[in-house]
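Note that the protein sequences, when read in sequence, are chains R and C.
If you read the first sequence in the working numbering, its first letter stands for residue 1, the second for the next number, and so on.
If you read the second sequence in the working numbering, its first letter stands for residue 1, the second for the next number, and so on.
Honestly, the hints are just simulated from the structure, not real lab data.
No residue lacks a Cβ here, since even glycine has one placed at the ideal position from N, Cα and C.
Among the hints, erroneous ones may be present.
Below, simulated BS3-like cross-link-like pairs (lysine-lysine); rule was C-alpha separation at most 27 Å, straight line [what the hints assert, rightly or not]:
1. C:K42 / C:K57
2. R:K71 / R:K14
3. C:K58 / C:K42
4. R:K57 / R:K9
5. C:K107 / C:K71
6. C:K57 / R:K71
7. R:K9 / R:K71
8. C:K71 / C:K58
9. R:K9 / C:K42
10. R:K9 / R:K70
11. R:K57 / C:K111
12. C:K58 / C:K15
13. R:K71 / R:K57
14. C:K15 / C:K111
15. C:K68 / C:K57
16. C:K111 / C:K42
17. C:K111 / C:K68
18. C:K68 / R:K9
19. R:K70 / C:K111
20. R:K14 / R:K83
21. R:K14 / C:K42
22. C:K58 / R:K57
23. R:K83 / C:K58
Covered stretches of chain C (chain R as the covering partner; in silico rule of three or more C-beta atoms under 8 Å from a C-beta of chain R) [said to hold, decoys possible]:
24. 3-9
25. 65-78
Listed next, with one range per pair, are the computed distances between beta-carbon atoms [unchecked claim]:
26. R:Q50 / C:Q14: 39 to 47 Å
27. R:D59 / C:K111: 35 to 43 Å
28. C:L46 / R:D54: 41 to 49 Å
29. R:E15 / C:D79: 20 to 28 Å
30. R:G3 / C:K107: 39 to 47 Å
31. C:N67 / R:K57: 45 to 53 Å
32. C:L46 / R:I51: 17 to 25 Å
33. R:Q17 / C:K111: 39 to 47 Å
34. C:A70 / R:Q17: 47 to 55 Å
35. R:T112 / C:K15: 21 to 29 Å
36. R:K83 / C:Q99: 33 to 41 Å
37. C:D53 / R:A31: 22 to 30 Å
Spelled out, the chains give:
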Amino acid sequence: DGGITQSPKYLFRKEGQNVTLSCEQNLNHDAMYWYRQDPGQGLRLIYYSQIVNDFQKGDIAEGYSVSREKKESFPLTVTSAQKNPTAFYLCATRTPGRPTDEQFFGPGTRLTVL
Amino acid sequence: QQQVKQSPQSLIVQKGGISIINCAYENTAFDYFPWYQQFPGKGPALLIAIRPDVSEKKEGRFTISFNKSAKQFSLHIMDSQPGDSATYFCAARAASNYQLIWGAGTKLIIKP
Numbered sequence: 001d002g003g004i005t006q007s008p009k010y011l012f013r014k015e016g017q018n019v020t021l022s023c024e025q026n027l028n029h030d031a032m033y034w035y036r037q038d039p040g041q042g043l044r045l046i047y048y049s050q051i052v053n054d055f056q057k058g059d060i061a062e063g064y065s066v067s068r069e070k071k072e073s074f075p076l077t078v079t080s081a082q083k084n085p086t087a088f089y090l091c092a093t094r095t096p097g098r099p100t101d102e103q104f105f106g107p108g109t110r111l112t113v114l
Numbered sequence: 001q002q003q004v005k006q007s008p009q010s011l012i013v014q015k016g017g018i019s020i021i022n023c024a025y026e027n028t029a030f031d032y033f034p035w036y037q038q039f040p041g042k043g044p045a046l047l048i049a050i051r052p053d054v055s056e057k058k059e060g061r062f063t064i065s066f067n068k069s070a071k072q073f074s075l076h077i078m079d080s081q082p083g084d085s086a087t088y089f090c091a092a093r094a095a096s097n098y099q100l101i102w103g104a105g106t107k108l109i110i111k112p
């Protein structure tokens with residue numbers, strides 16, 4: 001939390017629909033990340049962006065898309081191509097060079113496909 | 001392909017006891033090993049971290065022990081309290097691209 005806003009907190013989607021999850025930060029951090037969290041599994045990286053107008057695929061990018069038009073914003077779209085989208089989605093930021101190299105996380109969005 | 005293996009999956013400890021969570025990694029190109037704490041419905045938060053040139057790091061009741069030759073590191077929580085009940089994740093950072101590889105998590109319950 002603290003400087004990272006994710007909305008909505010809960011999201012319900014019908015099969016076949018695209019949905020967009022919002023992530024906004026006021027920490028002035030360069031890097032932003034999207035993770036997916038499933039029960040009994042660690043966090044899995046979907047996409048990340050080190051700088052505005054640039055982003056890279058993570059380990060499970062299929063069925064997802066992102067944009068980074070502003071430093072403060074990194075929205076994630078879950079497309080109908082994602083076969084099992086029900087999960088807890090976490091956005092994180094990082095400022096390279098900090099001694100702790102800490103990633104800061106938002107409060108998450110829980111997506112449920114009906 | 002999981003490169004960081006975390007155990008146990010769940011752990012119950014009496015108040016005042018010591019909680020121990022273990023992680024093992026395979027890739028030697030990791031350069032930073034953080035532990036995160038997550039409460040239900042919240043995002044994870046950094047708890048403590050260590051670099052591989054140090055064998056132990058202590059912050060209050062939390063200690064990381066690091067064994068570079070065995071490729072293992074562990075979190076010890078001394079004098080465990082009910083407020084420590086949470087899910088704990090270990091992670092390892094790849095030196096090449098700074099991405100974190102996460103363990104599967106340990107759900108810790110501290111019984112009063």
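Failing hints, ascending? 2, 6, 11, 17, 18, 19, 22, 23, 25, 28, 29, 30, 31, 35, 36
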